[in-house]
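Here is how the chains run, residue by residue.
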Amino acid sequence: MPKLTINGKEVEVPEGTNLIEAAKAAGAEVPHYCYHPALSIAGQCRLCMVDIDKVPRPQIACNIQAAEGMVVHTETERVKETRRSMMEFHLINHPLDCPVCDQAGECFLQIYYMKHGLYDSRMTDEKVHKPKAVPLGPHVILDAERCILCSRCVRYCDEVTHTGELGIFHRGDQSEIGLFPGKTLENKYSGNVIDICPVGALTDRDFRFQVRVWYLDTAKSVCNGCARGCNIEVHTNKHRTHHNEGRRVARLKPRFNADVNKWWICDAGRYGFKWIDDKSRLAQPLHRAGAQATEVSWDRALPELVTTLQRTRPEEIGFLASPQMSNEDLWVLRRLAEQLGVRNIDFRVPPRAPGDEDNFLIRADKNPNSRGAELLGIGPGQGGLDAAGMLRAAREKQLKLLWVFHHDLWAAAWPEAEVLEALEGAETVVFQGTSSAGEVSARAHLVLPSAAYVECEGTFTNFEGRVQRFRTALTPPGEAWPDWMILSFVGKALGFQDPVFVAERSEQVFNALASTVPAFAGMTYRGIGDAGATVKA
Amino acid sequence: MTEKIFTRNFHLADSHTLTRYREQGGYTALPKAFGMEPAAITEEVKKANLRGLGGAAFPTGVKWGFIPKGSTAPRYLVINADEGEPGTFKDRFLMERDPHALIEGMVIAARAIDSHTGFVYIRGEYVKPWRILDGAVKEAYAAGLLGKNIQGSGFDFDIVLHRGAGAYICGEETGLLSSLEGKKGWPKIKPPFPAIKGAFGRPTIVNNVETIMAVPHIINRGAAWFAGLGTKSQGGTRLYSVSGHVVTPGVVEAPVSITLRQLIYDRCGGIRGGKKLKAVVPGGSSAAILTPDEIDIQMDVDGPKSKGSMIGSAGVIVMDETVSIPEALMVVARFYAHESCGQCTPCRESTGWIYKMSRRIIEGKGRKEDLDTILDVAKRGAGTTICAFYDGAVGPYISYIEKFRSEFEDLILSGAHA
Numbered sequence: 029m030p031k032l033t034i035n036g037k038e039v040e041v042p043e044g045t046n047l048i049e050a051a052k053a054a055g056a057e058v059p060h061y062c063y064h065p066a067l068s069i070a071g072q073c074r075l076c077m078v079d080i081d082k083v084p085r086p087q088i089a090c091n092i093q094a095a096e097g098m099v100v101h102t103e104t105e106r107v108k109e110t111r112r113s114m115m116e117f118h119l120i121n122h123p124l125d126c127p128v129c130d131q132a133g134e135c136f137l138q139i140y141y142m143k144h145g146l147y148d149s150r151m152t153d154e155k156v157h158k159p160k161a162v163p164l165g166p167h168v169i170l171d172a173e174r175c176i177l178c179s180r181c182v183r184y185c186d187e188v189t190h191t192g193e194l195g196i197f198h199r200g201d202q203s204e205i206g207l208f209p210g211k212t213l214e215n216k217y218s219g220n221v222i223d224i225c226p227v228g229a230l231t232d233r234d235f236r237f238q239v240r241v242w243y244l245d246t247a248k249s250v251c252n253g254c255a256r257g258c259n260i261e262v263h264t265n266k267h268r269t270h271h272n273e274g275r276r277v278a279r280l281k282p283r284f285n286a287d288v289n290k291w292w293i294c295d296a297g298r299y300g301f302k303w304i305d306d307k308s309r310l311a312q313p314l315h316r317a318g319a320q321a322t323e324v325s326w327d328r329a330l331p332e333l334v335t336t337l338q339r340t341r342p343e344e345i346g347f348l349a350s351p352q353m354s355n356e357d358l359w360v361l362r363r364l365a366e367q368l369g370v371r372n373i374d375f376r377v378p379p380r381a382p383g384d385e386d387n388f389l390i391r392a393d394k395n396p397n398s399r400g401a402e403l404l405g406i407g408p409g410q411g412g413l414d415a416a417g418m419l420r421a422a423r424e425k426q427l428k429l430l431w432v433f434h435h436d437l438w439a440a441a442w443p444e445a446e447v448l449e450a451l452e453g454a455e456t457v458v459f460q461g462t463s464s465a466g467e468v469s470a471r472a473h474l475v476l477p478s479a480a481y482v483e484c485e486g487t488f489t490n491f492e493g494r495v496q497r498f499r500t501a502l503t504p505p506g507e508a509w510p511d512w513m514i515l516s517f518v519g520k521a522l523g524f525q526d527p528v529f530v531a532e533r534s535e536q537v538f539n540a541l542a543s544t545v546p547a548f549a550g551m552t553y554r555g556i557g558d559a560g561a562t563v564k565a
Numbered sequence: 383m384t385e386k387i388f389t390r391n392f393h394l395a396d397s398h399t400l401t402r403y404r405e406q407g408g409y410t411a412l413p414k415a416f417g418m419e420p421a422a423i424t425e426e427v428k429k430a431n432l433r434g435l436g437g438a439a440f441p442t443g444v445k446w447g448f449i450p451k452g453s454t455a456p457r458y459l460v461i462n463a464d465e466g467e468p469g470t471f472k473d474r475f476l477m478e479r480d481p482h483a484l485i486e487g488m489v490i491a492a493r494a495i496d497s498h499t500g501f502v503y504i505r506g507e508y509v510k511p512w513r514i515l516d517g518a519v520k521e522a523y524a525a526g527l528l529g530k531n532i533q534g535s536g537f538d539f540d541i542v543l544h545r546g547a548g549a550y551i552c553g554e555e556t557g558l559l560s561s562l563e564g565k566k567g568w569p570k571i572k573p574p575f576p577a578i579k580g581a582f583g584r585p586t587i588v589n590n591v592e593t594i595m596a597v598p599h600i601i602n603r604g605a606a607w608f609a610g611l612g613t614k615s616q617g618g619t620r621l622y623s624v625s626g627h628v629v630t631p632g633v634v635e636a637p638v639s640i641t642l643r644q645l646i647y648d649r650c651g652g653i654r655g656g657k658k659l660k661a662v663v664p665g666g667s668s669a670a671i672l673t674p675d676e677i678d679i680q681m682d683v684d685g686p687k688s689k690g691s692m693i694g695s696a697g698v699i700v701m702d703e704t705v706s707i708p709e710a711l712m713v714v715a716r717f718y719a720h721e722s723c724g725q726c727t728p729c730r731e732s733t734g735w736i737y738k739m740s741r742r743i744i745e746g747k748g749r750k751e752d753l754d755t756i757l758d759v760a761k762r763g764a765g766t767t768i769c770a771f772y773d774g775a776v777g778p779y780i781s782y783i784e785k786f787r788s789e790f791e792d793l794i795l796s797g798a799h800a
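Heads up: the sequence lines are chains L and G, in that order. With positions in the first sequence counted from 1, the corresponding number in our numbering is that position plus 28. With positions in the second sequence counted from 1, the corresponding number in our numbering is that position plus 382.
Think of the hints as simulated: they come from the structure by calculation, not from any bench. Just so it is clear, CB atoms sit at the ideal spot from N, CA and C, and this is done for glycine as well. Any given hint might turn out to be false.
As a list, the in silico SDA-like pairs of lysine to any residue whose alpha-carbon atoms are at most 20 Å apart [what the hints assert, rightly or not]:
| id | chain 1 | residue 1 | chain 2 | residue 2 |
| --- | --- | --- | --- | --- |
| 1 | G | Lys-566 | L | His-190 |
| 2 | L | Lys-82 | G | Pro-573 |
| 3 | G | Lys-572 | L | Glu-43 |
| 4 | G | Lys-566 | L | Ile-69 |
| 5 | L | Lys-155 | L | Lys-143 |
| 6 | L | Lys-281 | L | Val-107 |
| 7 | G | Lys-761 | L | Gly-145 |
| 8 | G | Lys-747 | L | Met-151 |
| 9 | L | Lys-211 | G | Lys-566 |
| 10 | G | Lys-565 | L | Ile-196 |
| 11 | G | Lys-750 | G | Asp-702 |
| 12 | G | Lys-761 | L | Pro-65 |
| 13 | G | Lys-761 | L | Val-107 |
| 14 | G | Lys-565 | L | Asp-186 |
| 15 | G | Lys-565 | L | Asp-79 |
| 16 | G | Lys-658 | G | Glu-789 |
| 17 | G | Lys-689 | G | Asp-675 |
| 18 | G | Lys-565 | L | Ile-69 |
| 19 | G | Lys-520 | G | Arg-474 |
| 20 | L | Lys-290 | L | Val-107 |
| 21 | G | Lys-572 | L | Asp-79 |
| 22 | L | Lys-302 | L | Ser-464 |
| 23 | G | Lys-572 | L | Leu-67 |
| 24 | G | Lys-572 | L | Thr-45 |
| 25 | G | Lys-530 | G | Thr-454 |
| 26 | L | Lys-82 | G | Met-701 |
Pulled from the structure, derived: some chain L residues nowhere near chain G, Cβ distances all over 12 Å [said to hold, decoys possible]:
| id | residue |
| --- | --- |
| 27 | Asn-35 |
| 28 | Glu-38 |
| 29 | Leu-75 |
| 30 | Leu-124 |
| 31 | Val-156 |
| 32 | Asp-201 |
| 33 | Glu-214 |
| 34 | Asp-234 |
| 35 | Gly-300 |
| 36 | Phe-517 |
Quick list of the computed label-pair ranges, beta carbon to beta carbon [claimed, not checked]:
| id | chain 1 | residue 1 | chain 2 | residue 2 | range |
| --- | --- | --- | --- | --- | --- |
| 37 | L | Arg-112 | G | Lys-658 | 41 to 49 Å |
| 38 | G | Glu-419 | L | Arg-112 | 19 to 27 Å |
| 39 | G | Lys-658 | L | Val-99 | 52 to 60 Å |
| 40 | L | Val-162 | G | Glu-751 | 34 to 42 Å |
Chain L with its partners taken away, still in its complex shape:
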């Protein structure tokens, strides 16, 4: 642990820390483009120069490791002048695209120019012109003129995805990023190059020109696309509702978590949010009688559900929970099942085709909370039925009320005819979810709209047992409610006394489950923090 002095402040940093990170620890910002902590050191942008005592010339901070007794200065006149020079070099061939560049507001050329540049341009000659708006793959588009050749994207494809699609071609100021012949940038993690591009050279084909970034709001969240639970930010457009074709979720971005996803997310996760603002979203409870479905208020839907539950014997009720539900949702459901004496409860619905998986982030289980469901004991009680058993019982008319959460059972491994027969066999099918789920919601007698994970807060437990919080980014559409709240209302209406049925915040539900379920013992909602906390083995 070398101790060094940066701008007069002594700091102790781990062995091998470079001077950019050491300066950060000392509260000093060293501007940089090519350095990224996840990638090898390139030393190309030459912007991160600092003065080191006894070294005659400024040195790049990215390639120098902190050493015991080192004295570093990041703000000497010489350093400032060097930065100004580097900024001038970076910008002499950069097009003046700011008014139309979609990186505006997030461009480190702009930011650093304002912080460290501020010179009058001396470049009067014709700039070098390079290709503009070149699609590199399904998600990424290149503007070669804006590229400052930091090589982050090239190193990312070489070192992180090991797919090597990108290279820097030509020499000198003609150098440009491009695809190797015959390649397209379509690996499963291609969108990350957009995040690590420090300028407007690589932009997102999905997001660009949809809404300006300064109109966006941000919420910390967790991707619900698979059991990894990558940490993300949800960027929402609430202030310019006429932009982005009215969609509220503008984009998802990875959020750094050293233990889960580092800086990255997969493309499936990044672009898998369109359903949130899709027209198939459920916004109002529906009551169906025969072929006729009618929008009803909760004031009618809830009593109807409660009455049905009351008149049905527990062994004739089945709860088909979903690993898409949060820990809080599942815990309230479990309490409700216990209070009702329902032992037919499960969440395991086998997918029709196995999900893809790799040895990086993507998991075959496409649900964010299967582990949570297991730990919370969502499964058949003594003599109870599992998911397949419930459908069989429904087909045999032994199960009268089937309450399905989120599942589109037509996407399951079971034969469609059997599923159909089961839905027709149950006297009452309740579907609760965020979106229409094909024939399940189409045939349900009662459809209850629930909030998407970006419309409420709660926790998921990933496959490694890490409990992670997601936070509210948006309000639910129409009269959709978080699953746990719907279940609480039902429990309260049934007159059950458990505190979770009168909870007002998901925090109360979580703290209640943590005080009951041994794996979560000792955890608190707030204690989980932004990085998550791991359950007991």
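Starting from the structure of chain L, add chain G where the hints point.
Then chain G, alone, in the frame of chain L:
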């Protein structure tokens, strides 16, 4: 007449053959070297005061000493035969006329650093030298001078010839290694230095052709003899590639104590057509230009340095009074803009920018402030890059303008190229 070392066989027919080389005493240093401890070979080279003759002039024996001791990992000897510096063409002749001296030098150097694989990275355009060197390597293998158990010494050494694809930057030590590894010829960030982590991540020594060819002579005739030929700062003789407006341009072998004036006037017959000398570049295009009153300097490491220039690769470019210095700057600026690898921002952007300004001046569209802008840009970029390419480019940028400023100003004011 000076004793010839490197060029002693140049005049012989078939000097490139093993037979002829042996007739002239070739491969006699090899058994001597096999009888010496590796450290003793390195020590002898240090004492000989042999400096790198490719451009950087780093003491050769000292460089060999940087290979980590005690490691059993493979280490490599790489010969820089790229010779891309404009004005420099000596290695080409060495490989064409005396390739076995290079091979013998490589085996001795390899033994000194305990390397069993050597690469010769040869400029792609050098088809003839490559063909001749390739033939010599095959002869050496056939004669048991390369390969396993060379001359019964128990020492194994193989040589791989690798042809470059045509980029100046691939002559830069680490750019060469990147290219050798099959990557884009981008110089590598240092540290680590090649002696620690070089070709394919292994300890590597990179030496110039001429440097290594001095080694058999040093082993045969002793360090004191070699050192005695030179000056305090540098031993031996070296080859000067003299081009431009002299009566007899070409490769000249001379002790490093020779002065630039002697080289131009005594060895190369003076300025062609009885014209006056206007300027001379002493060490390849990246060396700062000298004026006629600056040529009484020894052509060793220290001489050109005393005038703010460098000996570099000893490519002497002579310009007579008819030369337009602004045009010469434009040509050299175009070269550096074209050959900048594009990796580091200041080099990539400045070389192109300076070329545009210098071209505009030649086109009669120069602005008064252009000269100061070029000087300022050049100075700001100097010393800020991964490799020495840009520092090399800065040599001409600054010296051409500072020493011939009025010529540039006249051109800008008149708006027309004379």
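12 Å cut-off, C-beta based - L:Phe-517 kept clear of every residue in chain G: 61 Å, holds
Given pair status - G:Asp-702, G:Lys-750, alpha carbons within 20 Å: Violated, at about 27 Å.
Hint consistency between G:Lys-572 and L:Glu-43 [alpha-carbon to alpha-carbon, up to 20 Å]: Cα-Cα ~19 Å, so holds.
Restraint status (C-alpha distance of L:Lys-211 to G:Lys-566 at most 20 Å): Judged against 20 Å, a Cα distance of about 18 Å means the pair holds.
Outside-interface status for L:Glu-214 - nearest CB in chain G farther than 12 Å: 23 Å, holds
20 Å Cα cutoff - pair G:Lys-761, L:Pro-65: Roughly 31 Å between the alpha carbons, so the hint for G:Lys-761 and L:Pro-65 is violated.
Exclusion check [L:Gly-300 not at the chain G interface, CB over 12 Å]: Correct as stated: the minimum Cβ-Cβ distance to chain G is 36 Å, above 12 Å.
20 Å Cα cutoff - pair G:Lys-530, G:Thr-454: 18 Å, holds
Proposed proximity, L:Thr-45 with G:Lys-572 (alpha carbon, max 20 Å): 17 Å, holds
Hinted pair G:Lys-658 and G:Glu-789, Cα distance within 20 Å: Holds - the C-alpha atoms of G:Glu-789 and G:Lys-658 are around 17 Å apart, at most 20 Å.
Pair hint outcome, G:Lys-520 versus G:Arg-474 [Cα-Cα no greater than 20 Å]: Judged against 20 Å, a Cα distance of about 19 Å means the pair holds.
Proposed proximity, G:Pro-573 with L:Lys-82 (alpha carbon, max 20 Å): It holds: about 18 Å lies between the C-alpha atoms, which stays within 20 Å.
Checked against the numbered hints above, the structure breaks hints 5, 6, 11, 12, 15, 20, 26, 29, 31, 32, 38 and satisfies the rest.
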